[in-house]
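Asker: Line by line, the protein sequences give chains A and B. For the record, in the first sequence the residue sitting at position 4 is 4 according to the numbering used here, with numbers rising by one throughout. For the record, in the second sequence the residue sitting at position 7 is 7 according to the numbering used here, with numbers rising by one throughout.
Read the hints as simulated data drawn from the structure, not as lab findings. Treat the numbers as computed from the prediction; the structure is a model and nothing was measured. Do not take every clue at face value.
Result set (DSBU-like, lysine-lysine): computed pairs, CA atoms no more than 35 Å apart in a straight line [stated by the list, open to error]:
1. B/K94 to A/K187
2. B/K29 to A/K152
3. A/K219 to A/K12
4. A/K152 to B/K94
5. A/K215 to B/K29
6. A/K219 to A/K200
Sample of chain A residues lacking proximity to chain B, with all beta carbon distances greater than 12 Å (derived) [stated by the list, open to error]:
7. T78
8. L108
9. D135
10. K217
Every residue, glycine too, gets a C-beta built ideally from N, C-alpha and C.
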Amino acid sequence: MEINIQKRVLEKNESDADRNRAFFKEKQVFVLNMMSSPGSGKTETLCRTLEQLMPDIRVGVIVGDICTTNDADRLSVTGAKVTQINTDQFGGDCHLAAHLIESSARSLGCDDLDLLIVENIGNLVCPAEFDIGEDARAVVLSVTEGEDKPLKYPLMFQVADAAILNKIDLLPYLDFDAALAVENMGKVHPGMPVFELSAKTREGMEPWLSWLRTKVKEKLG
Amino acid sequence: MHEMGIAQQLVTIALDAIPDDIENPRVEKLNLRIGKLAAVVEHSLSFCLEVISKDTPLEGAELVIDAVPVCLRCESCEHEWQTDTPAFGCPACKDGQVTMISGREIEISSIELADD
Ligand SMILES: [Zn+2]
Chain A
1 MEINIQKRVL
11 EKNESDADRN
21 RAFFKEKQVF
31 VLNMMSSPGS
41 GKTETLCRTL
51 EQLMPDIRVG
61 VIVGDICTTN
71 DADRLSVTGA
81 KVTQINTDQF
91 GGDCHLAAHL
101 IESSARSLGC
111 DDLDLLIVEN
121 IGNLVCPAEF
131 DIGEDARAVV
141 LSVTEGEDKP
151 LKYPLMFQVA
161 DAAILNKIDL
171 LPYLDFDAAL
181 AVENMGKVHP
191 GMPVFELSAK
201 TREGMEPWLS
211 WLRTKVKEKL
221 G
Chain B
1 MHEMGIAQQL
11 VTIALDAIPD
21 DIENPRVEKL
31 NLRIGKLAAV
41 VEHSLSFCLE
51 VISKDTPLEG
61 AELVIDAVPV
71 CLRCESCEHE
81 WQTDTPAFGC
91 PACKDGQVTM
101 ISGREIEISS
111 IELADD
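Work the whole structure out from these sequences, hints included.
Answerer: Below is the structure:
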C-alpha cells in the first residue's frame, strides 16, 4: 500500500524561520546571516565591520560554533551585544537551525538593536540549506582558498545576497586569481555584489559597509 | 553533516503518515524527491536513516530517490532552462536576475507499506 505524503522535510525549520521573521519585524531589527568556510576570516571581518558601524548602528551578534567561545570573546571587545550558541549540545551540528536562533534572539532581547548578525558555523554546505528567518545572507571567501569554491559549493553562493572576498592583502604572495574567483561567483549567482577587501588592513571595507548600512536603513524605513 | 537532522525529520513525517489502524506496519520503501543542488549526500542519508530507524516500522526500508534537475528562470527575459553545471547565468540575454524554479527540494513524496 502506498501512502501519499508530499511534504518538505525541512518544513519544521521553515515554520520556525517564519516565526523568527515575524519576531524580527516586530522588533524592527535587520538580520544578516554570515556564512563561510572555516578560516576565511569571518570573525575578523565581523570585528572590523562592528568597529565601523557602531555606535551609529546598534549591533548584536549571535555566534555559532561547534564548541569553544573564542569567536564570541573576540567580538565582545567591540562592545556589541554578543551571545554564543554551541551546537555540540545538539549533536555537533554543522549549521544553525531556526529554533536555535529563536532562543538566542529572545535572550539577546533585540529591543535596542538595529542590526543582528548571525555568525554561522564555518561550513559552505549545510548552513545554505537552513532558513533562519534572516533578511540577507553574506558569504565570505578568502584568497587562501581555491578560485573554484563557488563552483564546488554552488548552493551557498546561489542563496547569498552578497559575497566578500577577504585577505586581498595576501594577493602579492599567492597564485590566487581574484578575477577568476569573482567571475566564478558571477557564474553561480549573476548580479550578486562581491566586495574585495582585507579585514586585516581595512582596505576595501567601505563598499561593504555601505551596502550593509543601506540594507539596514531599508528595513528600518 | 546535516543528513542526520534530515533523516530524523524523515522518520517523524513517515511515522505520522502511517494510519493508526494498521497492525505492525512495515515500510518497504521511502520515496523522496531531492534537488540536484540540495546539499544532500545520498550515501550519508541512507546511513543515518538506517541508524535511527532501527526498531521502528521504517527499519530496513529502501530509500528511493528521484533526483530533481536544476531549473532556472530569468526574470528579465522570462527564459526558462535546465542546467547540469553550476553556471546559472541566463543563456538568452546574458543578464538579469535568475530565479531557481527547482533543484533545491528535499521532499518525501510517499511511503510504501508491505501488505502482509
Ligand atoms: Zn534572460
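Asker: A separate judgement is required for each hint: does it hold in the structure or not?
Answerer: Right, here's what the structure says about each hint:
Annotation: proposed proximity of B/K94 to A/K187 holds, straight-line Cα distance about 10 Å (limit 35 Å). The suggested pairing of B/K29 with A/K152 holds, with an alpha-carbon distance near 31 Å, which does not exceed 35 Å. With a C-alpha separation of about 26 Å, the suggested pairing of A/K219 with A/K12 holds against the 35 Å cut-off. Distance restraint check for A/K152 and B/K94: the Cα-Cα separation of roughly 22 Å lies within the 35 Å cut-off, and the hinted pair is therefore satisfied.
Taken as a hint, the A/K215 and B/K29 pair is broken in the structure, with Cα atoms around 47 Å apart against an allowance of 35 Å. Proximity of A/K219 to A/K200 is assessed by CA-CA distance (about 29 Å); at most 35 Å being required, the pair is judged to hold. A/T78, annotated as away from the interface, keeps every beta carbon of chain B farther than 12 Å; the closest lies near 30 Å. Residue-level check passed: A/L108 sits 24 Å from the nearest beta carbon of chain B, beyond 12 Å.
Listed as outside the interface, A/D135 is consistent with that label: its C-beta sits roughly 17 Å from the nearest C-beta of chain B, beyond the 12 Å cut-off. With a minimum CB-CB distance of about 22 Å to chain B, A/K217 clears the 12 Å threshold, and the non-interface call stands.
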